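Using the sequences provided together with the hints, build the complete structure.
My numbering numbers the first residue of the sequence shown as 1 and each following residue consecutively.
I should point out that these hints are in silico values taken from the structure, not numbers from a laboratory.
These figures come from a predicted structure and were not determined experimentally.
Careful, some of the hints might be misleading.
Quick list of in silico lysine-lysine cross-link-like pairs, DSS-like style, CA-CA up to 25 Å [said to hold, decoys possible]:
| hint | residue 1 | residue 2 |
| --- | --- | --- |
| 1 | LYS225 | LYS192 |
| 2 | LYS225 | LYS286 |
| 3 | LYS106 | LYS120 |
| 4 | LYS332 | LYS345 |
| 5 | LYS225 | LYS120 |
| 6 | LYS326 | LYS345 |
| 7 | LYS345 | LYS286 |
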Amino acid sequence: MASAELISTEPATGATVWRGMPGDVDAEVAAARGGWAEWASRPLTVRIETLRRFANTVRGKAEAFADLLARETGKPLWEARTEIDAVINKVEISISAYSERTAHRKLEGAMGARAALRHKPHGVLGVLGPYNFPAHLPNGHIVPALLAGNAVVFKPSEKTPATGQMLVQCYHDAGVPEAVVRFLPGGVDEGKALAGHPDIDGLLFTGSARAGLALNRQFAETPNKILALEMGGNNPIIAWDAADIHSAAVLIVQSAYMTAGQRCTAARRLIVRDGAHQPLVDEIGKLIDRLILGEPHSDPAPFLGPVIDNRTADGLSEAFLSLMMKGGRPIKHLERPIEGRPFLKPALIDVTDVADRPDEEMFGPILQIIRVPDFEAALIEANNTRYGLSASLIGGSPQLYDQFWANIRAGIVNWNRPTNGASSAAPFGGIGLSGNHRPSAYYAADYCAYPVVSAETEQARASIGVGLRDA
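Laid out in C-alpha cells, this is it:
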C-alpha cells in the first residue's frame, strides 16, 4: 500500500507550508552508511571549519529561516529568531564541548610505554526531532554528532518537516556531504523503522516519555547501540515567601506559558504556602489577562501563539475538563478564542483538592496550583512525580534554597529563575521519566563518540619472570 502524503500546515492560519511523500528509510540509512567513513577520516580541523561554514550559512538565511519556523510552529517571530540564534551558537559551543569532553589525551604509561585516550565516532546515528523546537533541538544532536565524525539520518517531526528540510539544506550548502546528513520525512512508521534499522549505530531522541519508553524497550536487546533519550517533565515551581510578588509572578508566567507551554522544561505545577498564596495568584491572574495571544507576525508582537494543531488543543481541553471534574477549581479557564484554530488562552487551575492528580506532561499553557502547609510538604509535593527534568524555587533564603537543592529530584534546579531557558553551554537532562542519563546540550559530546584507550611502544620487549620451567 502506498504511503500517505505528508502535509504540514500553519497552526495559526491553516495554510499549507509543506507537502511531500515519506522518505525511504532503507535508502537513507544506506546513503549515510556509504558516506560516514570518508567524513570520519577527515581531520577534525576540517570538520570544525565545515560546521563553522554551516553556522555562517544559517546566519545568512536567518530571517527566512525564522519566518518559516514561526509559520510552521505558530510561535511568535521574535521567539523563532532566538531559536535560529541558538542553532548558530551551537557550533562554537559544540567545538568547546568536544575539546573538553572527548579530546585526545596522553596518559601515564607503565615501563616507558605511551598511553593515550582517543575517541571514535559510532558510525551512523538516527536523530528523531520534536515539533516544539524543530531546528534547535535536533541541531543539538546533529552538530556534535557530525563534529565527532558520525553520519546522521534525521527524521523531523511529521508536524514540522519544512523546518527540518531547511536545516538539512543548510548543512549541505555549507559543504557537509549530502551522504553524511540525510533528510527523512515521515511519521510514526518511519520513526519506528529508523529506530529499529539494523544498520544504524545509535539513536538520539527528543520527544515524549511514552515514545522514549518504547524506544528504551526496543533497544534493550541491542546494548551495542547508543540510545540517548531526552524526554519531558511534570516540572514543579515552588513560590515561597517571595519579597517581590510581581517579579515572582513574572517568573512563573514565563515558566508556564512561554512557547504556549510547549517546552519540556515548562512549569506544570505551582506549589504555594496555603493561606499566603492569594496575592501571588492574583498577580499571576493580572499578568495572564495582559498576555497577547496571536499569530507569529502579529503587531504588537504576541507573548505566545497557538499550540501545534487542533488535535493537541482538543486533548489539552479534555485534560483541563478532567481536572475540573475531579475537583479542580479554575481561576483562568482554558478558552479557545478562535473557532477551528488551536489558540488557547493560558489557564490556571487550583488542584489542591484533586485526590488523584495525573502525573502527566500536559504539553500546553496549563498551570496547576497546589497549596501546602509548610516547606517540607512543598518538597514532597514537588517530588511527587515520575519525571525529574526541571524545578525552580522562587523566593526563600539561601538556607531554604540549599534545602531545596539538596532534596529536589531534577537535572535542572534553579533559584529565582524560570524552569525553562536552559543554557546550551551546560548539560541538559533529567532523571526518572525525563531521560536515560544521557544529558544533551554541552554533554552531547559524550554520546556522540566512544573512548578508546591505547598502550603503545615502538618496539616489542617482554619477558616472563615467574612460573616458567628452566630451559
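Here's how the hints hold up against the structure:
1. The straight-line distance between the Cα atoms of LYS225 and LYS192 is roughly 15 Å, inside the 25 Å bound, and the hint therefore holds.
2. Proximity of LYS225 to LYS286 is assessed by CA-CA distance (about 50 Å); at most 25 Å being required, the pair is judged violated.
3. At most 25 Å may separate the alpha-carbon atoms for a hinted pair to count; LYS106 and LYS120 meet this at roughly 16 Å.
4. The hinted pair formed by LYS332 and LYS345 meets the criterion: a straight-line CA distance of about 9 Å does not exceed 25 Å.
5. Between LYS225 and LYS120, the direct Cα distance comes to roughly 14 Å. Compliance with the 25 Å bound is thereby established for this hinted pair.
6. As the CA atoms of LYS326 and LYS345 are separated by approximately 21 Å, the hinted pair is consistent with the 25 Å bound.
7. The straight-line distance between the Cα atoms of LYS345 and LYS286 is roughly 13 Å, inside the 25 Å bound, and the hint therefore holds.
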